[in-house]
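Trainee: Whenever a hint applies, use it, and build me the whole structure from the sequences.
Below, each chain spelled out in residue letters.
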Amino acid sequence: MNYKRSIIFLLSLIPLIFLLSGNGLGQEIKWPWFSPLNIHFHLRVDPLSLIFLYLTAVMIPISLFVERRRGVLILILQWLLIAFFTARDLVLFTFFWEAMLIPLYFLIERKSVAIKFLIYMIAGSVLMVLGLLAIYFQAGTFDLDVLKGGYPLWIALTFFLAFAVKTPLFPFHGWLPDVYTGSPTSSTILLSALLSKAGLYGFMRIGWGVFPDSLAQMTPYLIALAVAGVLYASLVAWRQLDYKRLMAYSSLAHVNFILAGVFVWNLWAREGAILQSVNHSITIAALFLVAFYLEKRIGTTTLGSFGLAPQVPRLCWLTLFFVLSSVALPGLNNFVGEVLILLGVFQYDLRITALLALSVILSVMYMLRFMQKVYFGPPGTLKAYDIGWKEGFQMAPLVILVIWIGLYPAYILKLIGMIK
Amino acid sequence: MLELALLLPLFGFLVLLMWPRPAGMIACSTVFIAFLIFVHFLYYGVEKVVPLYTWVDLPGMKTHFSLHLDHLSLLMALIITGVGFLIHLYSIGYMEHEKDLSRYFACMNFFIFSMLLLVLAGDLVLLFIGWEGVGLASYLLIGFFYERKEAAAAATKAFVMNRIGDFGLLLALIMILTLFETSEIAQVISQASLGTPFLLTVLTLLLFIGAMGKSAQLPLSTWLPDAMEGPTPVSALIHAATMVTAGIYLVVRFYPLFLLAPWTLNFIGVVGAVTALWAAFSAMGQSDLKRVLAYSTVSQLGLMFVACGAGAFYAAMFHLTTHAFVKALLFLSAGNVVHMTGTTDMNKMGGLAKSLPITHILFLIGVLALSGIPPLANFFSKDLIIEQEHLSGHDRLFVMAVLVSILTAFYLTRAYILTFLGEKRTTAEEAPWIMWGPTSLLAVLGIAGGLLGLGLESFLSLIKLTPAEESLDSGFVITPETWIAVGGTLLGLSAAFMLRKLKVWSFFQKAFYLDALYERWFVIPLKSLSNAFSRWLEPVFFEGSLDWASYGSNQVGARLEKIESGQIRSYVAWMALGGAFLLVYFMGYLK
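Just so you know, the sequences run in chain order X and R. Sequential numbering of the first sequence, starting at 1, is according to this note's numbering. Sequential numbering of the second sequence, starting at 1, is according to this note's numbering.
Just so you know, these hints were derived from the structure itself, not from any lab. Among the clues, some could well be false.
Straight line, CA to CA, 27 Å or less: simulated BS3-like cross-link-like pairs of lysine-lysine [unchecked claim]:
| no. | chain 1 | residue 1 | chain 2 | residue 2 |
| --- | --- | --- | --- | --- |
| 1 | R | 149 | X | 373 |
| 2 | X | 383 | R | 354 |
| 3 | R | 510 | R | 527 |
| 4 | R | 510 | X | 414 |
| 5 | R | 62 | X | 420 |
| 6 | R | 149 | X | 383 |
| 7 | X | 373 | R | 527 |
| 8 | R | 149 | X | 296 |
| 9 | R | 157 | X | 373 |
| 10 | X | 373 | R | 99 |
| 11 | R | 354 | R | 424 |
| 12 | X | 420 | X | 148 |
| 13 | X | 296 | X | 4 |
Some chain X residues flagged as far from chain R (calculated, every beta-carbon gap over 12 Å) [unchecked claim]:
| no. | residue |
| --- | --- |
| 14 | 98 |
| 15 | 138 |
| 16 | 386 |
Stretch by stretch, here's where chain R covers chain X in the computed footprint (C-beta under 8 Å, at least three residues) [what the hints assert, rightly or not]:
| no. | segment |
| --- | --- |
| 17 | 43 to 56 |
| 18 | 260 to 271 |
| 19 | 332 to 345 |
No residue lacks a Cβ here, since even glycine has one placed at the ideal position from N, Cα and C.
Mentor: Here you go:
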């Protein structure tokens, strides 16, 4: 690390230090911004924001581990995310939602992929701006504390579409595989661990906060899409020929699982969905880091029969650990969230629960196929060197989080429990 | 104390991950101390509840982790640590030439820890952690020789099949939380009558699906024979004596729920019986020594479920105990053979009685015991099961159980003959003492294990595990059923002697082509679907949608471009057309 990178890394830690020192909850900024339309620069940290702020504060430094040149862009993104997760004014919310695309466009690096991403995102959210104006004409304010449902369905749908594209909800995932696999690892981590959470946060904050009646009305259809997404993405992941793509689809399956919980939104599903947003970020960031280490060593992301385990035993153990976390092994983080979501969905509909629970079988199928191909079997011709202290240091926070949440979820659930 | 016994093997696992030497000693000592602690509990009070901490505390989901020692879990814990210790000891000899010894022993210790967690858990979630922990240990150990393609494939298969069962267990957990608002096992059982018969039937079925996966019952049975790719001591410990009995344990643990769901009980009995027969027939056709024993395990597990189905939970636990001793004995002596000859193919063995005299005797004891020759261990337990079927009026299951015991004698004797008698085809020396020593201890248990029946019944009756057996004073009464069973065993034995030259029927060798069937009906269609999705639907439709959209806008753009021709008259024409349209449109308003 040269000194510039070190400075950027230290700067990215400031939010985390700030949050850990107990500041955060209840902090508020409210400046008038554009008084004719009654728009305020209004940020406030409530418990739901706090969870996502923690996530941002942890994930940004982790993505900086693997980014050499464009750390500043990541810092800008961090700032935008913090503002986005705390915005209490709908205009501000929309503003930061769109503004995030600018650093991301440059972070994705490959131009064809970046344009694809940008077009899809803008296509998803262009109607949202229309919805934003419509809301103003209906309610006369943009204040999220005041907006409380009762708006026409089409307005809600413009917002849902934007969130669905960014998360993404099946079938709006057309951009995901190429963008996840075609970007540098740091961007993939940012996209999968944080940007997908922006979509989920949108459903939670705006969906349940501003359009509760519309969302409840749409719930059956949205759940159907989410469940279809879980099964579809798992099946697609199974026969992938590229391990980065496999992880991209596994991420898709997991966020759709979370969305099923978001759409049900009873006590258990809510706790589960928010917890699972955290868990998914941890696990998918770790898996993409693993993919980064692998690619660096073998120079390819093809899923061939490599038999690498004898050469890289430590990396193999580490991969297995996060694979197990991803397949929701009881005792690790994802299990807690999945049980809560399933419990919540069970109150809603029994058959949907059974379909959703099928993911425990499918996830093992695709994840263990990946393990078997890359690590086990007769050793191939590829030469690789094992991971060392540096990688261990990068992974350690994620390992600790996985075990901690898995074995003692009571603490974080208490935090989530404060969300009304 | 209890926490200590539980955590010692975990400690061993963690130490072995970092400190590779002397792996065997560390692993053995943790298990042995744990065993001593459980023996201590045997003398100084059994019932113990150790609250640990609160996992989740939400309205409608109260999950407080606690350890719960009672007679049932103590019996299991003694088997796990006792047999486990002997097998650990044996492994020192068996694995001495393997590299990566510390990984082996680490995984073994992790297995012991998870299995103890499974049986000691006072909460279903905690039990689930142990449940999947043993699955993970099994995955790691089946794939111990991961450089062999078959081993890696078998490991994956075992995990996936187990997961299908876990799917049931997970739904059962969700259902229990919904119905009882707690996952504490004792509370669930005490409130069992809260559920309607229908809900309880569904719930118990889901639990049983979990048991089917772990205990390799049809239709989730095909992973166990493949699991023989693992080192032989692993097969002895995990795939014969302990982990595969977790399914039985689960059913017995929740027996008050099962008693309220007679339909499920019948179903369990039928599944057990069909599995037992299927596996027994399949065992007859195997030419691989370890696979014979694997199918035999499946078959015996089936018998235990038959006992559960008739409500004879005590009989199931008794058979579980004696089976653990004897099957471990058979596997370890088979391990001696495999270790010294370097093959598992019985066609390449033969005449080993001379070169492996001790192993020969040990294996013979195992064969006789499991075949049910009185007064060896399994005679009593198997006899009890058969009698219970008769007493509870399950006549068909009774006939099937007798048939299974005839077949058991047949295939075991056949394996014995092929391996130890006949002409000599390979040279070998006797195994070292570190290997035959622990095996002999198991042989002693296999001979005298039946005596346990005297104490075990009253031991387990303390937790009211013997409701259906009150009519029966003792398992040792010589009744007509006993004579049928013993006669059948002798028939099987002698048939094996007479038919030893018989060629095996490939239908049995392939285990009724079940694997091929699954491949054709499930795996291949699912693969085609997945391929169709990922190779066609994804690129063409979902990802392609973007390309279509851009193509579409290009086309539209090109069309619109043509309108802009640069000729004044065409602009004038368009303008006139538009003006006329507007005029007509607004005239409509004026009216």
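Trainee: Compare the structure with each hint and give your call.
Mentor: Okay, the hints, checked on the actual structure:
no. : hint             : in the structure
1   : R:149 with X:373 : holds (10 Å)
2   : X:383 with R:354 : violated (48 Å)
3   : R:510 with R:527 : holds (23 Å)
4   : R:510 with X:414 : violated (54 Å)
5   : R:62 with X:420  : holds (20 Å)
6   : R:149 with X:383 : holds (19 Å)
7   : X:373 with R:527 : holds (17 Å)
8   : R:149 with X:296 : holds (25 Å)
9   : R:157 with X:373 : holds (14 Å)
10  : X:373 with R:99  : holds (22 Å)
11  : R:354 with R:424 : holds (9 Å)
12  : X:420 with X:148 : holds (14 Å)
13  : X:296 with X:4   : holds (23 Å)
14  : 98               : holds (20 Å)
15  : 138              : holds (27 Å)
16  : 386              : holds (14 Å)
17  : 43 to 56         : violated (count 0)
18  : 260 to 271       : holds (count 3)
19  : 332 to 345       : holds (count 5)
Going down the numbered hints, you'll see the structure goes against 2, 4, 17, while the others check out.
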